[in-house]
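*Asks:* Listed in order, the protein sequences are those of chains A and B. In this text, residue positions in the first sequence follow this note's numbering: the first is 16, and each later residue adds one. In this text, residue positions in the second sequence follow this note's numbering: the first is 5, and each later residue adds one.
Everything labelled a hint here was simulated from the structure, so no lab data went into it. Keep in mind it's a predicted model, so treat the numbers as computed, not measured. Each hint should be verified, as a subset may be incorrect.
Unchecked claim - Now the in silico label distances, taken between C-beta atoms and shown as ranges:
(1) 373(B) - 83(A): 22 to 30 Å
(2) 523(B) - 87(A): 43 to 51 Å
(3) 139(A) - 419(B): 17 to 25 Å
(4) 426(B) - 241(A): 46 to 54 Å
(5) 139(A) - 426(B): 25 to 33 Å
(6) 185(A) - 476(B): 49 to 57 Å
To be verified - A few chain B residues that face chain A, going by a derived Cβ cut-off under 7 Å, partial list only:
(7) 291
(8) 442
(9) 455
(10) 457
(11) 481
Glycine is no exception: its CB is placed at the ideal position from the N, C-alpha and C atoms.
Now for the letters of each chain:
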Amino acid sequence: MKYLQHFFEILYSWSPRLTVSVPFILLLKFSSLQAQELGDHQYTTDAIERGNRIYSRECALCHGPQGDIVDGVNLRVGIFKSVQSDDDLRTVVTQGAGQGQMPAFGFSDADLDGIVAFIRAGFDPEGVAVRIGDPRRGREIFEGRGECSGCHRVNGIGPRTAPDLTEIGAIRTPASLQQNLIDPAAAILPINRPVRLVTRNEETVLGRRLNEDTYTVQVVDSNERLRSFRKSDLVTYEISMRPSKGPTELSGDEVADVVGYLLTLRGQ
Amino acid sequence: MELRNKFLRWSVLLSSLLIAQLAVGQVSYDRILNSKDEPQNWLTYNGGYMSQRHSLLQQIDRENVDQLELKWVLQNQVFGAWQSNPIIVDGIMYVTERPNSVMAVDAVTGRVFWKYRHQNADNALVCCGANNRGVAVLNDKVYMGTLDAHLIALDRINGQVLWKAEVGDVNRAYSVTMAPLAVKDKIMVGVGGGEFGIRGYVAAFDAETGEQAWKTYTIPAPGEPNHDSWEGDDWEHGGAPVWITGSFDPDLNLTYWGVGNPGPDWNAGQRPGDNLYSDSAIALDADTGELKWHFQFTPNDAYDYDSVQVPVLADVEWRGESKKIMMWANRNGYFYVLDRTNGQFLEGKPYVKVNWSSGLDENGRPIPSPQPEGMPTYPGNQGGTNWYPPSYSPSTGLFYFSAWENYATIYRAEESEYIPGRAFLGGGFSVLAPSPGAPTIGIGRTNPINNWTNEVGFASLKAMDPQTGEAVWSYNQFDVSDSGMLTTASDLLFTGGREGYFHGIDAQSGELLWNVSLGGQIVMAPVTYMVNDVQYVAVISGNSLSVFALEE
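So here's chain B without its partners, still in its complex pose (with noise of 0.2 Å):
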């Protein structure tokens, strides 16, 4: 009896360490809240609600930088491009692979603890390749969204699936390609199918059922706000996606998203107005997905200028005022700062050559002045950027991103008519070359030979000033770059681009320090990670995510 009771005691008392110690290891929505804490992960697409893909860690800095070496290498077992964030909680990767499969990994070795695999409904449709960016952890599960338009949980240790829930009607073409993102108790989503006459949203749903808590329409209904900038039936079919994570201000309890293009995307005299919130910053309370503030970047858009890019928040002393600001360099060629209070616009410029506007009025908004037929519009369709995640740097106070300079798109506009699934684009266009015939830039790179040459566009690493939203250097490579940012709090700045080179540039700078050929195109930005007071990057390269540390 004795005995029974000392056992019982003992296994209570086992259960409850247990407990405790799961509650440790469970990403709680407080650890993400302060992810600052804990600069060894990386728990949120883009590193953090601010979205400034900036690490305190400095274990590799611009003196011992050139001393990093390949310290292990994940094979992709299915082609296409790979535009996966892996996330890192406590020496765990979680990577998802095209088109829809997540892994969980050692990240000190790279080997696989599990795989899942969702199978996709045969008719799932996206525009622009099997994509996934990634998965959002919370607590003991991670999220992903697939192609046909479902919210997945799995458990964290052993990747069972715990529910699915449909988010959209992949009979209505309608995807999800984003990392999902995780507030509080809910599990947030946007959807993708701009180039099939989709109405998006952002949905939320409830971490641990699945259940639908929210869902808000980037295009307002009869009798809502704004209406009225579409006529007709446009809006049931008006495009307006959101792909791309967004970001979080808990003290303004505000979640930020990108807005992409209104549909047909090239015909915009078919749906005449503003076609609000196509092209468009908004603002969405957490709790109940409220709109509570819009910018629209680009009225009545006939470019495809997704507004998809990360909203990237700071608060910083700007022009002398104490400012909550967004930092926005928008496909459409200017770059942005908003004040994320209201949307209200502080400054904007262009980065490149822009001849679609000739400049923005005081609140923001463009003047048109839309080129003849037949002649080139700068930027060109895949715009000045897209949706590659820039970095912030509160140490150097730059903001840092991928331009496409000299790039143009000759387009053509014709009247399209919407079928639900079908592609619904109103036109079509050709990228300008310097000779008839010549190849020029498509989605990717798939050819070892740049046969287009820096004649049809090239890569501008831009660092921004938000101060003067002009560029304090830049950093150009002879193709063009899809490569997002990572910086560092020792000022480094990780990139790649098309060509494959994974770049360590001096993030004050600008100077090169040190770069590695891996062969393939880099299409997501790097994160950073720490397990075992050893500093690692990892970087994903054409089919291979491979990982870096200093000399032992």
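So here's chain A without its partners, still in its complex pose (with noise of 0.2 Å):
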């Protein structure tokens, strides 16, 4: 139970019951905004425009310009043969695949970082390329350094105080990932909000809240029971603005790492 006392004692930040202001809102929206400001967790606007040129010559000829023309493959949206990682990415890039039907490139570091930006942003020139790392490495500082497993869920392993991240990599995209651990207060859902709620009889409870209506609140409590209260029957209400996690302290590569293991997580 140390992972649940851990959770919730960072719960450090209470506002009052119901009082979201419309300032407070705005600000969450364009911080989020902010937040996509360049950073060595992801690539530059020149990296993507770059490797869009590299891809009309080079690349477009047999994947097409969608990236969608070999069988199996589909470069814009992430469908690849093996490829799971920005490295496992240039390493097909850099020496083939598929026994000399995807040649070997000799690209400068520069250019191949480009080739990478562009098929991460989508095909997007305006996009954002989130440098996706190694899902292995990814793993171990999830379930080590990075504290994430000590309140997220994984195939059946972890506590339920925080949402289960079994299906999240077919769920969110890499830049909402890569924001959830850089800038967790900006990317938290509304709804995931943490709750203290003091009742009548005196019992404290803090949780995670999973429902709310005007006249009662459901949460799932830090003993992982799922409670439901009447507001008239609380004598305290809060709602955190704050997510229970701080921004993260891994470094770019390793949250390159951690993003690469969570898109792995599409389900059982």
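Assembling the complex is the task here: the two chains are given apart, and the hints tell you how they should meet.
*Replies:* Set out below in structure tokens:
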């Protein structure tokens, strides 16, 4: 139960109930836009543009303008035969694949970055190209020093207090996953906000909100119990505007690895 | 011979008695005109020509409202938002079901006498669901508009079709979703299709024969006044639909209608000018359809601010003067009071956050303050309120309606080509959410979990004082509400919301007196009626029509 305590100990900022002001929402909205500023966890616009030019010249002949001509591969939407991480992608480009069907290309590092960036941006020159690292390393970080598995459940293992991530790779985009790691306050879905309730019987309940209406609220509490409360039975009902986790302290490479791992989680 | 004579005399007497009986049972125009004299019935969509949705029944009051109990439920056989408003005549309820069925129901037991199903043309097209909002009754007939733009007259006793009239061209995406309005010997309807480049109108049909009596376009043709509020051929497909039932002032002989958005919806630059009479209140002569006045709420609208709200009429002392007023909480975020004799602007104030306009000038014309591209506009696309019927209580002097608070939209305009019968939108929009990719509010609620939360928008029932244009009190809900209002002479207010709670509220103070969770969204106003000295309140929640009365 130690991880649960950890989860709730870091619920540091509480706001009074139902006081979500308009300026606050705007602030979140725009800070989330700012969060898309470039960092070492993603590719630059220059790289994407460079990749666009190289792709048209070198790749489009076989893969097609939309990247979907080769059987079983759709570069634009991220469907590959074996590639998971950016490094896998680099290996295929520089060494070739399919026993000579895909030739090896001798690109410079900058051009290689460009190709990867353009593919990861979904062929959109104005898109966000998130670096995707090694899923195996990402899993180690997720379960180790990233402290993710202390709250999140994956494939039936781990606590249920935070959202289950078993299918997260099928639900979220790489950009969204990355933002959840780097700026969780801007990325958390409002329904998932942590809540603190005190009942008339002086029971204090910490939990994650599952549903709410005018007169009731439903939560999963810190003991993983599903609880429903009438608001009229509560003496205190607080919704934390901050998620239980702070911004990650992982490096850009490590974030890329964790994103790579999360993208492999596509349900059982 | 003598016997035969006796029989003849007797049968003549009997049939004249029957005719007299039938005449009493008929819903004559006079009965509708004086519907206040029979509060046991609910004879028009808006509960009378003034559209106040205020009942003089007071068996249920603030003291006993907590003793309401469920009497019966009628289950809808068709899924989808059930926006129908029941009509009640002498213990018989007439209610429609989507897309276009009519049922005659025993208002005491909920058992069905007959059901009529209309088969719509395959290409019938509506923007926002196969909705129908109810029927009109007049004399021995029931009238319903259809998604394929027809008006149907049914026999009130057996549901037999008596006539069908074409209201509009289904191939050009004209439709009828509103409940018709019966005035004198005519049945009036407007047309939907504001998202498909129609040219809107209100049309009146002879109640007996279905022959069209008049038709008044909501966009003037070349040579008509205000045609110059359009450029080129924009007027031919400029929208301006009429999809909510209007009101009627018998003394002025004027019918009042709310007109919807111009098309294409979001690209105002593609249709320069004020685009009259889109987003306006219009007053039409009840006999000829002639346009007597108009008041435009949102000129050259870029936000889909349909003015399809119900024109709510009242005769009041307004700031020391006897006035015939019209109250209007508009989708554009402003509450208005107009003089309904001439359309003169008396008062207008924002009731929610408004940033598309910085205020109203002395004539009520909005001062535009368009937001930069990518920035949120308040109120959002569904508006500060929408089509859901308000109520005015002469007892409290307050006007009640559902508002959406804290709800904003980011608009995107693009050039749109008009192709008959196809969507004509001119861009799109996204609802402002607190985090990227978070769920937002849509048209109607289909998820039992509110995962968008009040951070995207919430409901505020507002009790407006028309004298000041300010809310005296408001009652908030966590989710938004598309519920209409019902008030009674016992100062009760009944309303619902998307969460499926049915509320009985003190109309004076705003205090919640009673509620029950019915489990499905309430997207129409409740109605009340009386049979055998028992007052009933009927409300549709989700796919169930539930009827309550006091414990016996």
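*Asks:* Evaluate each hint against the coordinates.
*Replies:* Okay, the hints, checked on the actual structure:
1. Residue 373(B) and residue 83(A) have their C-beta atoms about 45 Å apart, which leaves the hinted 22 to 30 Å range violated.
2. For the pair residue 523(B) and residue 87(A), the supplied restraint of 43 to 51 Å holds, since their beta-carbon distance comes to about 47 Å.
3. A hinted range of 17 to 25 Å holds for the C-beta pair residue 139(A) and residue 419(B), which are about 22 Å apart.
4. Between residue 426(B) and residue 241(A) the C-beta distance comes to about 48 Å, which sits within the given range of 46 to 54 Å.
5. For the pair residue 139(A) and residue 426(B), the supplied restraint of 25 to 33 Å holds, since their beta-carbon distance comes to about 28 Å.
6. Our hint of 49 to 57 Å for residue 185(A) and residue 476(B) holds, since their Cβ atoms are close to 50 Å apart.
7. Contact between residue 291(B) and chain A, as hinted, is not supported at the beta carbon level, the nearest pair being about 47 Å apart and thus beyond 7 Å.
8. Taken as an interface hint, residue 442(B) checks out: its beta carbon lies about 5 Å from the nearest beta carbon of chain A, inside 7 Å.
9. Hint status for residue 455(B): holds, given a least beta-carbon distance of 4 Å to chain A, under 7 Å.
10. At its closest, the beta carbon of residue 457(B) sits 4 Å from a beta carbon of chain A; the interface hint therefore holds under the 7 Å criterion.
11. The beta carbon of residue 481(B) comes within 4 Å of a beta carbon in chain A, closer than 7 Å, and the hint placing it at the interface holds.
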